[in-house]
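Heads up: the protein sequence lines correspond to chains S and P, in order.
For any residue, its number in the working numbering is found by taking its place in the first sequence, counting from 1, and adding 2.
For any residue, its number in the working numbering is found by taking its place in the second sequence, counting from 1, and adding 84.
No lab work stands behind these hints: they were computed from the structure.
Being a predicted model, the structure only gives us computed values, none of them experimental.
Please note: incorrect hints may appear among the correct ones.
Claimed, not checked - If you anchor each label on the Cβ, the simulated ranges turn out as follows: (1) Val93/S / Leu140/P: 29 to 37 Å; (2) Gln123/P / Gly263/S: 32 to 40 Å; (3) His34/S / Thr156/P: 51 to 59 Å; (4) Gln123/P / Ser111/S: 30 to 38 Å; (5) Gly37/S / Thr133/P: 23 to 31 Å; (6) Thr201/S / Leu103/P: 36 to 44 Å; (7) Phe277/S / Gly87/P: 35 to 43 Å; (8) Val117/P / Ala59/S: 24 to 32 Å; (9) Thr132/P / His34/S: 35 to 43 Å; (10) Leu103/P / Phe277/S: 22 to 30 Å; (11) Leu118/S / Val144/P: 24 to 32 Å; (12) Ile271/S / Leu103/P: 17 to 25 Å; (13) Gly219/S / Ala158/P: 25 to 33 Å; (14) Trp98/S / Ile136/P: 47 to 55 Å.
As the list claims (entries may be wrong) - With the Cβ distance kept under 7 Å, some of the chain P side facing chain S (calculated, not the full set): (15) Ile109; (16) Ala113; (17) Val117; (18) Gly143; (19) Phe147; (20) Ala149.
To be verified - Over the 12 Å line for every Cβ pair with chain P, so calculated as not near, a few chain S residues: (21) Thr58; (22) Pro160; (23) Ala226; (24) Thr249; (25) Leu286.
Yeah, the Cβ is synthetic: ideal placement off N, Cα and C, and Gly gets one too.
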Amino acid sequence: MNIALFSQDTDKAKDMTSMEYIVTHTDPMSSHLWGLHLPQIQLPEWLSFLNNGVITADGSLKALNMVGTQNIGTEVFQITAQMVVSLLVPVLILLWVGMARKNGKLTRSGHALESLVLFVRDQLAIPNMGERIGKALTPFLCTVFFFLLLLNYISLVPGSPTVTSNIAFTAVLAICVFVVTNIMSIKEWGLKSYLAHLTGGTHWAMWPIMIPIEVVGLFTKPFALAIRLFANMTAGHIIIYALLGLTATLGTYAIAPVSIGMSLFVYLIELLVCFLQAFIFTLLAALFIGLATESHDHHEEHAH
Amino acid sequence: MTGSIGLLAAGLGAGLVTLGVGMGIGKVAAAAVEGIARQPEAAGELRTTMIIGAALIEGVALFSAVICFMLTNAQ
Numbered sequence: 003m004n005i006a007l008f009s010q011d012t013d014k015a016k017d018m019t020s021m022e023y024i025v026t027h028t029d030p031m032s033s034h035l036w037g038l039h040l041p042q043i044q045l046p047e048w049l050s051f052l053n054n055g056v057i058t059a060d061g062s063l064k065a066l067n068m069v070g071t072q073n074i075g076t077e078v079f080q081i082t083a084q085m086v087v088s089l090l091v092p093v094l095i096l097l098w099v100g101m102a103r104k105n106g107k108l109t110r111s112g113h114a115l116e117s118l119v120l121f122v123r124d125q126l127a128i129p130n131m132g133e134r135i136g137k138a139l140t141p142f143l144c145t146v147f148f149f150l151l152l153l154n155y156i157s158l159v160p161g162s163p164t165v166t167s168n169i170a171f172t173a174v175l176a177i178c179v180f181v182v183t184n185i186m187s188i189k190e191w192g193l194k195s196y197l198a199h200l201t202g203g204t205h206w207a208m209w210p211i212m213i214p215i216e217v218v219g220l221f222t223k224p225f226a227l228a229i230r231l232f233a234n235m236t237a238g239h240i241i242i243y244a245l246l247g248l249t250a251t252l253g254t255y256a257i258a259p260v261s262i263g264m265s266l267f268v269y270l271i272e273l274l275v276c277f278l279q280a281f282i283f284t285l286l287a288a289l290f291i292g293l294a295t296e297s298h299d300h301h302e303e304h305a306h
Numbered sequence: 085m086t087g088s089i090g091l092l093a094a095g096l097g098a099g100l101v102t103l104g105v106g107m108g109i110g111k112v113a114a115a116a117v118e119g120i121a122r123q124p125e126a127a128g129e130l131r132t133t134m135i136i137g138a139a140l141i142e143g144v145a146l147f148s149a150v151i152c153f154m155l156t157n158a159q
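Based on the sequences and whatever the hints tell you, model everything.
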């Protein structure tokens, strides 16, 4: 994806069209978080591969373009708002868990936490993955679910960065799911049976056709997971910003009530979509792991 | 003419995507409503299944939306 879509001049106040308003607010390189100015760090030479921003000639910060030769200026490591929020969310989850019990009894937040964890275990993990693997992988699914849930909901606070609208974050989560799927599959079936499943049980002459198709099919599922979450979050926030920026686009104040009303409506839909996308990610992760680890013996057994 | 055909393509693409998604999710919602009408006791499960189906179909639509985003930057 062209990173230039997300690079802009944060520190210039100017009359903005709606598109520019959208671009400035979906920026992964924003150096402000909730009114705080986040620092830039000059890394030593041997760590310079970690640099993620470049200060161009007119003093503005742009994202480091990995392809192309447009990076002219000093490279810096900017602590972005998305980094800080994505480190804040696990702290919030741990605080929530810490508030769950008082003198051995569950508090109200503890009841909320328990209902969500039991929801993940009883509706997502065990029906899709069976008893044994379901109970073993519930912590992984809970991690993914709570991380995505809190990230999505924090992005709805005005002025917050949307971490899940960064394809890098969703891609890393999808890679985690991919790794867990394949490791559980190899553990359950053994390496030879796992590789034999890539051929699909056909005649050996068909293998040059079957194996590439199966390998591609192995990679498309996590890829679709990443893109689904990324596109949903990005599109939702772009719609909100576009509707809020209608006043700037049309140039009159008369459109303001309509603009606020419509963006409030989309905002409420976003509340549902945030929970739904976290739920769908976790559900599909459980489904893929269940499909990858289902035992062959269950095809013959019919008695309960 | 440099970027404008990209913008035109993005606009047409987004419209077509919305058409497809509208038809697809419409069918899902129609089937769910008919199921609830036949058997109101199963309303909870049908509602959950409908939401899951709608989210998955929207995921496919947003793949195309991502391509439309990329087209707006074409030279």
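Against the structure, the hints:
1. Between Val93/S and Leu140/P the Cβ separation comes to about 32 Å, which falls inside the hinted range of 29 to 37 Å.
2. At roughly 38 Å, the beta-carbon separation of Gln123/P and Gly263/S lies within the given 32 to 40 Å, and the hint holds.
3. Under the hint 51 to 59 Å, the C-beta atoms of His34/S and Thr156/P, about 26 Å apart, miss the expected range.
4. In this structure the supplied range 30 to 38 Å holds for Gln123/P paired with Ser111/S, their Cβ-Cβ distance being about 37 Å.
5. Checking the proposed 23 to 31 Å range against Gly37/S and Thr133/P shows it is violated: the Cβ atoms sit about 44 Å from each other.
6. The supplied range of 36 to 44 Å is met by Thr201/S and Leu103/P, whose beta-carbon atoms lie about 40 Å from each other.
7. About 37 Å separates the C-beta atoms of Phe277/S and Gly87/P, a value consistent with the hinted range of 35 to 43 Å.
8. Look at Val117/P against Ala59/S: about 60 Å separates their beta carbons, and that is not inside 24 to 32 Å.
9. Roughly 40 Å separates the CB atoms of Thr132/P and His34/S, a value that falls within the hinted 35 to 43 Å.
10. Taking the beta carbon of each, Leu103/P and Phe277/S are about 27 Å apart, inside 22 to 30 Å as hinted.
11. Under the hint 24 to 32 Å, the C-beta atoms of Leu118/S and Val144/P, about 28 Å apart, fit the expected range.
12. For Ile271/S paired with Leu103/P, a C-beta distance near 20 Å keeps the hint of 17 to 25 Å intact.
13. A beta carbon spacing of about 30 Å between Gly219/S and Ala158/P agrees with the range 25 to 33 Å that was offered as a hint.
14. A C-beta distance of roughly 26 Å is found between Trp98/S and Ile136/P, which places it outside the suggested range of 47 to 55 Å.
15. Taking 7 Å as the C-beta cut-off, the interface hint given for Ile109/P is violated, the closest approach to chain S being about 13 Å.
16. Look at Ala113/P: its Cβ only gets to about 15 Å from chain S, farther than 7 Å, so that hint breaks.
17. The beta carbon of Val117/P is not positioned within 7 Å of any beta carbon in chain S (closest approach about 18 Å), and the interface hint is therefore violated.
18. Checking Gly143/P against chain S: minimum C-beta separation of about 4 Å stays under 7 Å; hint holds.
19. For Phe147/P, the shortest C-beta to C-beta distance to chain S is roughly 6 Å, which falls under 7 Å, so the interface hint holds.
20. A hinted interface residue such as Ala149/P counts as satisfied when its beta carbon comes closer than 7 Å to some beta carbon of chain S; here the least separation is about 6 Å, so the hint holds.
21. Non-interface status of Thr58/S relative to chain P is upheld: no Cβ of that chain comes within 12 Å, the nearest being about 18 Å off.
22. Remark: the non-interface label on Pro160/S is consistent with the geometry, its nearest Cβ contact in chain P lying 23 Å away (cut-off 12 Å).
23. The Cβ of Ala226/S sits about 7 Å from the closest Cβ of chain P, inside the 12 Å cut-off, so the non-interface label is violated.
24. No beta-carbon of chain P comes within 12 Å of the beta-carbon of Thr249/S; the shortest separation is about 22 Å.
25. Residue-level check failed: Leu286/S sits 8 Å from the nearest beta carbon of chain P, not beyond 12 Å.
Checked against the numbered hints above, the structure breaks hints 3, 5, 8, 14, 15, 16, 17, 23, 25 and satisfies the rest.
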